[in-house]
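First to last, the sequence lines map onto chains A and B.
Mapping of the first sequence onto our numbering: position 243 corresponds to residue 243, and the numbering continues sequentially without gaps.
Mapping of the second sequence onto our numbering: position 28 corresponds to residue 28, and the numbering continues sequentially without gaps.
Among the hints, a few may not be true.
As the list claims (entries may be wrong) - Here are the simulated DMTMM-like cross-link-like pairs (lysine to aspartate or glutamate), alpha carbons at most 25 Å apart as the crow flies:
1) B:Lys170 x B:Glu158
2) A:Lys141 x A:Asp468
3) A:Lys109 x B:Glu158
4) A:Lys141 x A:Glu361
5) A:Lys383 x B:Asp121
6) A:Lys410 x B:Asp171
7) B:Lys170 x A:Glu104
8) A:Lys410 x A:Glu137
9) A:Lys109 x B:Glu97
10) B:Lys170 x A:Asp2
11) B:Lys170 x A:Glu409
12) A:Lys141 x B:Asp121
13) A:Lys299 x A:Glu272
14) A:Lys3 x B:Glu174
15) A:Lys136 x B:Asp171
16) A:Lys88 x A:Glu137
17) B:Lys258 x B:Glu97
18) A:Lys31 x A:Asp93
19) A:Lys142 x B:Asp171
20) A:Lys287 x A:Asp267
21) B:Lys486 x A:Asp2
22) B:Lys234 x B:Glu73
23) B:Lys521 x B:Glu506
24) A:Lys3 x B:Glu158
25) A:Lys142 x B:Glu174
26) A:Lys289 x A:Asp267
27) A:Lys141 x B:Glu123
28) A:Lys88 x B:Asp121
29) A:Lys141 x A:Asp2
30) A:Lys217 x A:Glu361
31) B:Lys329 x B:Glu510
32) A:Lys31 x A:Asp2
33) A:Lys136 x A:Asp186
34) A:Lys31 x A:Asp468
35) B:Lys234 x B:Glu158
Just so you know, these hints were derived from the structure itself, not from any lab.
What follows is the residue order along each chain.
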Amino acid sequence: MDKWSLMTIAVLLGLTVRWTVSLGSYSGAGKPPMYGDYEAQRHWQEVTYNLPINQWYFNTSDNNLQYWGLDYPPLTAYHSLLCACIAKLINPDWIGLHTSRGYESQPHKLFMRATVFIADLLVYIPAVIMYCCYLKETSTKKKVSTALCVLLYPGLILIDHGHFQYNSVSLGFALWGVLFLSNNWDLLGSVAFCLAINYKQMELYHSLPFFCYLLGKCFKRGLTGKGLVLLIKIAVTVVAAFAMCWLPFCTEAEQILQVLRRLFPIDRGLFEDKVANIWCSLSVLIKIKNIISPQTQLKLSFAFTFLSLLPACIKLTLQPSLRGFKFALVSCALSFFLFSFQVHEKSVLLVSLPVCLIINEIPFMATWFLLVSTFSMLPLLLKDGLLLAYIGTTLAFLTVCTASFSIFEKTSAEDLQLKSFSLSIWGYIPWLKPFPKIVKSLFLVSITLMGVLSLSSATLNPPQKLPDLFPILVSVVSCLHFLIFLMYFNIVLLWDSRNSRNQKKTN
Amino acid sequence: MRPATAAFRTVPAGSPLPVCACAVAPQRFCQGGCDMAVAAAGGGSGGWFPALALGVSLLKCLLIPTYHSTDFEVHRNWLAITHNLPVSQWYYEATSEWTLDYPPFFAWFECALSHIAKYFDPEMLVIQNLNYASHATVLFQRLSVILTDTLFIYAVHECCRCVSGKRIGKDLLEKPMFVLAVLLLWNFGLLIVDHIHFQYNGFLFGLMLLSVARLFQERHLEGAALFAVLLHFKHIYIYVAPAYGVYLLRSYCFTENKADGSLKWSSFSFLRITLLGLIVCLVSALSLGPFIVLGQLPQLISRLFPFKRGLCHAYWAPNFWALYNAVDKALAVIGVKYKFLDPEKMQKAAMTGGLVQEFQHTVLPSVTPFATLICTVVSILPSVFCLWFKPQGPRGFLQCLILCALSSFMFGWHVHEKAILLAILPLSLLSVQRAKDAGLYLILTTTGHFSLFPLLFTAPELPIKILLMLLFTVYSFSSLRTLFRKNGPLLNWLEILYLTALVPLEIFCEIVFPLSPWKLKLPFIPLLLTSVYCALGITYAWLKLYVSVLTESATVRQKAE
Numbered sequence: 001m002d003k004w005s006l007m008t009i010a011v012l013l014g015l016t017v018r019w020t021v022s023l024g025s026y027s028g029a030g031k032p033p034m035y036g037d038y039e040a041q042r043h044w045q046e047v048t049y050n051l052p053i054n055q056w057y058f059n060t061s062d063n064n065l066q067y068w069g070l071d072y073p074p075l076t077a078y079h080s081l082l083c084a085c086i087a088k089l090i091n092p093d094w095i096g097l098h099t100s101r102g103y104e105s106q107p108h109k110l111f112m113r114a115t116v117f118i119a120d121l122l123v124y125i126p127a128v129i130m131y132c133c134y135l136k137e138t139s140t141k142k143k144v145s146t147a148l149c150v151l152l153y154p155g156l157i158l159i160d161h162g163h164f165q166y167n168s169v170s171l172g173f174a175l176w177g178v179l180f181l182s183n184n185w186d187l188l189g190s191v192a193f194c195l196a197i198n199y200k201q202m203e204l205y206h207s208l209p210f211f212c213y214l215l216g217k218c219f220k221r222g223l224t225g226k227g228l229v230l231l232i233k234i235a236v237t238v239v240a241a242f243a244m245c246w247l248p249f250c251t252e253a254e255q256i257l258q259v260l261r262r263l264f265p266i267d268r269g270l271f272e273d274k275v276a277n278i279w280c281s282l283s284v285l286i287k288i289k290n291i292i293s294p295q296t297q298l299k300l301s302f303a304f305t306f307l308s309l310l311p312a313c314i315k316l317t318l319q320p321s322l323r324g325f326k327f328a329l330v331s332c333a334l335s336f337f338l339f340s341f342q343v344h345e346k347s348v349l350l351v352s353l354p355v356c357l358i359i360n361e362i363p364f365m366a367t368w369f370l371l372v373s374t375f376s377m378l379p380l381l382l383k384d385g386l387l388l389a390y391i392g393t394t395l396a397f398l399t400v401c402t403a404s405f406s407i408f409e410k411t412s413a414e415d416l417q418l419k420s421f422s423l424s425i426w427g428y429i430p431w432l433k434p435f436p437k438i439v440k441s442l443f444l445v446s447i448t449l450m451g452v453l454s455l456s457s458a459t460l461n462p463p464q465k466l467p468d469l470f471p472i473l474v475s476v477v478s479c480l481h482f483l484i485f486l487m488y489f490n491i492v493l494l495w496d497s498r499n500s501r502n503q504k505k506t507n
Numbered sequence: 001m002r003p004a005t006a007a008f009r010t011v012p013a014g015s016p017l018p019v020c021a022c023a024v025a026p027q028r029f030c031q032g033g034c035d036m037a038v039a040a041a042g043g044g045s046g047g048w049f050p051a052l053a054l055g056v057s058l059l060k061c062l063l064i065p066t067y068h069s070t071d072f073e074v075h076r077n078w079l080a081i082t083h084n085l086p087v088s089q090w091y092y093e094a095t096s097e098w099t100l101d102y103p104p105f106f107a108w109f110e111c112a113l114s115h116i117a118k119y120f121d122p123e124m125l126v127i128q129n130l131n132y133a134s135h136a137t138v139l140f141q142r143l144s145v146i147l148t149d150t151l152f153i154y155a156v157h158e159c160c161r162c163v164s165g166k167r168i169g170k171d172l173l174e175k176p177m178f179v180l181a182v183l184l185l186w187n188f189g190l191l192i193v194d195h196i197h198f199q200y201n202g203f204l205f206g207l208m209l210l211s212v213a214r215l216f217q218e219r220h221l222e223g224a225a226l227f228a229v230l231l232h233f234k235h236i237y238i239y240v241a242p243a244y245g246v247y248l249l250r251s252y253c254f255t256e257n258k259a260d261g262s263l264k265w266s267s268f269s270f271l272r273i274t275l276l277g278l279i280v281c282l283v284s285a286l287s288l289g290p291f292i293v294l295g296q297l298p299q300l301i302s303r304l305f306p307f308k309r310g311l312c313h314a315y316w317a318p319n320f321w322a323l324y325n326a327v328d329k330a331l332a333v334i335g336v337k338y339k340f341l342d343p344e345k346m347q348k349a350a351m352t353g354g355l356v357q358e359f360q361h362t363v364l365p366s367v368t369p370f371a372t373l374i375c376t377v378v379s380i381l382p383s384v385f386c387l388w389f390k391p392q393g394p395r396g397f398l399q400c401l402i403l404c405a406l407s408s409f410m411f412g413w414h415v416h417e418k419a420i421l422l423a424i425l426p427l428s429l430l431s432v433q434r435a436k437d438a439g440l441y442l443i444l445t446t447t448g449h450f451s452l453f454p455l456l457f458t459a460p461e462l463p464i465k466i467l468l469m470l471l472f473t474v475y476s477f478s479s480l481r482t483l484f485r486k487n488g489p490l491l492n493w494l495e496i497l498y499l500t501a502l503v504p505l506e507i508f509c510e511i512v513f514p515l516s517p518w519k520l521k522l523p524f525i526p527l528l529l530t531s532v533y534c535a536l537g538i539t540y541a542w543l544k545l546y547v548s549v550l551t552e553s554a555t556v557r558q559k560a561e
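Chain A on its own, in the form it takes in the complex (with noise of 0.2 Å):
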């Protein structure tokens, strides 16, 4: 079967799984007077429809910011003008200030459903088919494959399709950056991340990586000629990206000053509900909330974040390759998911992008990865009544994978590109040579945790004393598996590249 033929039927699985998905129950459903994040991505619609553009961030009469006020950035608010000025083609009753706050219904359901999956069908699959296309020296079948994989990847499925975000939208802005950039496009490239990041300021987490790599291109070429010339181009198509995407917010500084609060609202704590990263973990036996002050929680968790990011960072700007680029987009999301400030539980997704684009890679860890990150958004599923497509969409990835990439046959040290680095340490440490045997252990009992706990924060109900306790130890085990994450993917990082500038120099 020919290559597109092939890739037609991955998309279009994709597709089908996205829709089945989204017949399901989405965040808040039937919840006042909050509900949730249907309601919130409506609720922008309605604003941004009937208030002028000076109003949408600030607490007016028609604007009230405790309830669901807009704090993504100025992207995220066109495109909710732009889904507002349809839905009021369709159903004004849908966008009418005041009137319309908690407005359900199966046609309004049908519609946003409908409107997440468009902007996926636009943004992020062409970006995936784009990606798998041109990676290097793969078979016509492994990059299919990879493709299926990628759009199977149920985290985000079900976070977009089930709970109900755009996360999609700036993912694949990101993916398009990447794309750009492994073909030197480095213009178009800086462009389609500051289009990510001015639709999620969660963006962020990807920008060391872009802004490093680029920076040590630039190094490479000489910080004195074409190099200085590469640096001022990139420079200058960053700012008037982000001036064009700011433009109607430039007439005062009070503006952009206040947008820039809603996007960063340091005073909301150090995590939110219960997630998977070190802080909530740690809360378990340390209540760091009521110790330590939230001026020191900020100053502790941006320095944990700094140092963890900095090997990553500083590896890629001396060596900037494409490979180097995509697991530091990995590590450092990684490390910011784990470690900084204000952390959601979806912000998992983040790293699982990255993550997806190396599954040809490490296609075992990938796996691994990716399986974990879905589960830790465990509690958040369950409280929207998706547990049904949680497990279908894990089991469906989960049988892919292993239909694909054949994983389990590929956990020697080798397939998890850990070979130079045992290498330095084989005289050290002998037990590491029943390594696959371990590693494919390791998954399984990972795997059947991940399996018992979730069945039983399903069915079981917690005891009375201990009413977050599934919750938590969700959180505490993806925590844990994700710090070993982190420290695996940092070493495949610098341990590659010494080993391709040992390569070099043999050469």
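The hints should help you fit chain B onto chain A, whose structure is shown.
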């Protein structure tokens, strides 16, 4: 290729379909030991079959929250009836309008299910709880369909073993057995009819495919027993019973042929026919026995064959009668316009008005159940004769089975559009074997599946049906084209044009029409267009298959001579 073309010279010059005979040689059903095929299935990337089966089962699980039709309530009602009432009242109970109208085995099946159902939600087992559909009920009923499909999966596995695995060295995606597994397991029609619309066709087709596979493996008695059981699960399969009867009689009870391939009367085996008869009687006794003892057989028969329903189902199945009705309607309109007919005398018959199923023909003569029966029998006869006089082993049987299914679909009384699956699924087995059948399969499946679209009319399911249909169609076209790329194009330009026109038809019916002013005046137009347009394609496929079967056997015989 050379020997095949040499054998070809015997084909008469005027024969319309000579090209594909050479395609038979490399891939045909292996009739005896299937060991090679098993080795091919097991070796190499062996995990593909479980992955395919698991994948589609998970997709079915994702379809649980989709829309379900009144058939859901039908089966819930049957669960309640069989759970609460003694056997003697099963076929008398009429609280709900959806009375039990399947044969006894199916009733026992529901009875067995109901004993699990009580752990999900006992309320669904109360007969008076009409239209009861709690979350647990939906979950239970949907899961029961998904789990009983295991039998279908097993049957598909057995069918794949019957496909010769001579192309071992090739890419997995280009192996006939892989293609067959996908075409059967991921069949669009079965997915939407069972897992969205809601019915239990999966395990029933599983029984049928399993019995076909057993016949291919020369385990005739097992095949016969399976089919007998199937008949007592759902009597619609009686349409293909002639194929079974004649094949078993001709190729199993007669152990030898004469040198020229004709019947050798002396080889008749009384032992074999006794065994067959015993099996059929035993199964029937198990199923009908209790009701005969209770003296309820007439009541049971009247429930199973409700001839009071109209010629066509609420939505016309795309068969001969759809064309007949359309011509009648067209003549009536033309007649009124040019004053041939008196509009006063004509009744405004509601053609597609849901429960109103009586349809008065205005110009052409009205059709009686008896007339349809005659038409069906006449249309089936040639294929059965062909099976008797020119036996070609299980292949010929399968062709006859498909022709029986298609013919009864074309002319039967009150045919449901879902009945087209009865022809599509067995034809999948043939399609991966020969280019000629592959072309036919593409026409029949694409049209037949498209004609199932009106089953799902709710807005949220619209994307699903289109996506699944595209998925299946893209796969079937590209995989079969790859499989037979040496045989040139599978379809001619006219067929391609016809199939492509389904796209604008769908756009018109689902998007343009609801926005147009005709929606209120002529609400039945989309259904009418769909069924008439699909009827053309299905009639064409039926005729083409008939011609190919009848002419092909002539060539094969000549070759033998």
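Verification of the supplied hints:
Between B:Lys170 and B:Glu158, the direct Cα distance comes to roughly 21 Å. Compliance with the 25 Å bound is thereby established for this hinted pair. For the hint pairing A:Lys141 with A:Asp468, the CA-to-CA distance comes to about 45 Å; that exceeds 25 Å, so the pair is violated. Our distance criterion of 25 Å between C-alpha atoms is broken by A:Lys109 and B:Glu158, whose separation comes to about 44 Å. Between A:Lys141 and A:Glu361 the CA atoms are separated by roughly 14 Å; this keeps the pair inside 25 Å, and the hint holds.
Our distance criterion of 25 Å between C-alpha atoms is met by A:Lys383 and B:Asp121, whose separation comes to about 23 Å. A C-alpha spacing of about 21 Å is found between A:Lys410 and B:Asp171, which places the hinted pair at or below 25 Å, so the restraint holds. Between B:Lys170 and A:Glu104, the direct Cα distance comes to roughly 54 Å. Violation of the 25 Å bound is thereby established for this hinted pair. Under the criterion of a C-alpha separation no larger than 25 Å, the hint pairing A:Lys410 with A:Glu137 is consistent with the structure, at around 18 Å.
As the CA atoms of A:Lys109 and B:Glu97 are separated by approximately 33 Å, the hinted pair breaks the 25 Å bound. Distance check on the hinted pair: B:Lys170 and A:Asp2 sit about 15 Å apart at the alpha-carbon level, within 25 Å; holds. Pair hint B:Lys170 plus A:Glu409 holds up; C-alpha atoms about 22 Å apart against a cutoff of 25 Å. The hinted pair formed by A:Lys141 and B:Asp121 fails the criterion: a straight-line CA distance of about 46 Å is larger than 25 Å.
Only pairs whose Cα atoms come within 25 Å are accepted, and A:Lys299 paired with A:Glu272 is accepted, the gap being roughly 18 Å. Restraint check for A:Lys3 and B:Glu174: satisfied, since their Cα atoms lie roughly 13 Å apart, inside the 25 Å limit. Under the criterion of a C-alpha separation no larger than 25 Å, the hint pairing A:Lys136 with B:Asp171 is consistent with the structure, at around 21 Å. A distance of roughly 49 Å separates the Cα atoms of A:Lys88 and A:Glu137; the hinted pair therefore is violated under the 25 Å criterion.
Restraint check: the Cα-Cα separation between B:Lys258 and B:Glu97 comes to about 56 Å, which exceeds 25 Å; the hinted pair is violated. Restraint check: the Cα-Cα separation between A:Lys31 and A:Asp93 comes to about 20 Å, which is no more than 25 Å; the hinted pair holds. Between the alpha carbons of A:Lys142 and B:Asp171 the distance comes to roughly 13 Å, so the proposed pair stays at or under 25 Å and holds. Distance restraint check for A:Lys287 and A:Asp267: the Cα-Cα separation of roughly 18 Å lies within the 25 Å cut-off, and the hinted pair is therefore satisfied.
Between the alpha carbons of B:Lys486 and A:Asp2 the distance comes to roughly 15 Å, so the proposed pair stays at or under 25 Å and holds. As the CA atoms of B:Lys234 and B:Glu73 are separated by approximately 18 Å, the hinted pair is consistent with the 25 Å bound. The hinted pair formed by B:Lys521 and B:Glu506 meets the criterion: a straight-line CA distance of about 20 Å does not exceed 25 Å. In summary, the hint linking A:Lys3 to B:Glu158 is not supported, as the alpha carbons are separated by about 30 Å, beyond the 25 Å threshold.
At roughly 16 Å between alpha-carbon atoms, A:Lys142 and B:Glu174 fall within 25 Å of each other, so this suggested pair holds. Of the supplied pair hints, the one linking A:Lys289 and A:Asp267 holds, its CA atoms being roughly 12 Å apart against a limit of 25 Å. In summary, the hint linking A:Lys141 to B:Glu123 is not supported, as the alpha carbons are separated by about 50 Å, beyond the 25 Å threshold. About 43 Å separates the Cα atoms of A:Lys88 and B:Asp121, which puts this hinted pair outside 25 Å; it is violated.
With a C-alpha separation of about 10 Å, the suggested pair A:Lys141 and A:Asp2 falls inside the 25 Å cut-off, and the hint holds. With a C-alpha separation of about 23 Å, the suggested pair A:Lys217 and A:Glu361 falls inside the 25 Å cut-off, and the hint holds. Distance check on the hinted pair: B:Lys329 and B:Glu510 sit about 23 Å apart at the alpha-carbon level, within 25 Å; holds. At roughly 49 Å between alpha-carbon atoms, A:Lys31 and A:Asp2 are farther apart than 25 Å, so this suggested pair is violated.
At roughly 19 Å between alpha-carbon atoms, A:Lys136 and A:Asp186 fall within 25 Å of each other, so this suggested pair holds. Between the alpha carbons of A:Lys31 and A:Asp468 the distance comes to roughly 20 Å, so the proposed pair stays at or under 25 Å and holds. Distance check on the hinted pair: B:Lys234 and B:Glu158 sit about 22 Å apart at the alpha-carbon level, within 25 Å; holds.
This entry does not satisfy hints 2, 3, 7, 9, 12, 16, 17, 24, 27, 28, 32, going by the numbered hints stated previously.
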